[in-house]
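**Student:** Start counting at 1 in the sequence shown, then tack on 518, and there's your number in this note's numbering.
Keep in mind that the hints were calculated from the coordinates and are not lab data. Be a bit skeptical, because a hint or two may be false.
As the list claims (entries may be wrong) - Quick list of simulated restraints, FRET-style, between CB atoms:
| id | residue 1 | residue 2 | range |
| --- | --- | --- | --- |
| 1 | D707 | H568 | 26 to 36 Å |
| 2 | G723 | S603 | 37 to 47 Å |
| 3 | G599 | A717 | 48 to 58 Å |
| 4 | G599 | R572 | 36 to 46 Å |
| 5 | L709 | M519 | 44 to 54 Å |
C-beta atoms are modelled at their ideal positions from N, C-alpha and C, and glycine is treated no differently.
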Amino acid sequence: MRPLVLLSNDDGYLAPGLLALREALTTWADVVVCAPELNQSATSHSLSLHRPLRMRSLEGDIHVVDGTPADCVYVALSSEGRVLSRVPDLCVSGMNHGLNLGVDVFYSGTVAAAREAALRGIPSVAVSADTKADRAAAAALGSSIARAVLEQVRETKGEAGLLFNVNVPPGSAWSVRATKLGRRTYAGDVLFRRDPRGAEYMWIGGGEVTHHDAPGSDTEAYDAGAVGVTPLALHLDLLSGMSTAELVARAVAG
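Sequences are here, hints too, so could you generate the full structure?
**Tutor:** And the structure:
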């Protein structure tokens, strides 16, 4: 039986990155898509608790939800067979149009979709690519890493719900490193403007990005032109171990 992969993203169900990753994943797995109707970038792990959600199903096992990435995965895993015929072997989120390095993982809807599945005990991989990366090559690599994660998890019989964050730099050929989260800071990222009636409004984003490349970090790997595979903890306390996740990431990176 082929593995069953749940695929989501935060750029929307028509995003080229999702379509490319879906095509790559279908070479070795059965893929069910449950993705947002519209772009939901930077919505983090928010759930829509104060309004009804609507879902429509399209041909090719594609399900579209008018909510956040976390909503999509939550619905897919909780809708009693309406989306999935069985519990998926793996959840993949992406391929995001742009990177999710360092602190980006706290804001990213891409990472949150994968995290929601990991919280349910499903191994999960978030894939993001630089806007200047070759899309087909990046999707093929993301698919390959996702498959390797699944194989390693099965082989090691590690704990359920491991979560990995993959970032692909520009280009079309890369080495792969097991990494940790680096520091990525944004400067001057709140812009103040006035509308034609003189009322002030604010726009978040557009500030200069600085990488603080700690040895072994995802930002260091990116700046060196390498793909980073970062295991992420589901629990934020400092006493939570990640030994199995680290072993899997190193095995995937080769």
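**Student:** Each of the hints needs a verdict: does it hold here or not?
**Tutor:** Checked hints:
{"no.": "1", "hint": "D707 with H568: 26 to 36 Å", "verdict": "holds, 28 Å"}
{"no.": "2", "hint": "G723 with S603: 37 to 47 Å", "verdict": "holds, 40 Å"}
{"no.": "3", "hint": "G599 with A717: 48 to 58 Å", "verdict": "holds, 49 Å"}
{"no.": "4", "hint": "G599 with R572: 36 to 46 Å", "verdict": "violated, 18 Å"}
{"no.": "5", "hint": "L709 with M519: 44 to 54 Å", "verdict": "holds, 52 Å"}
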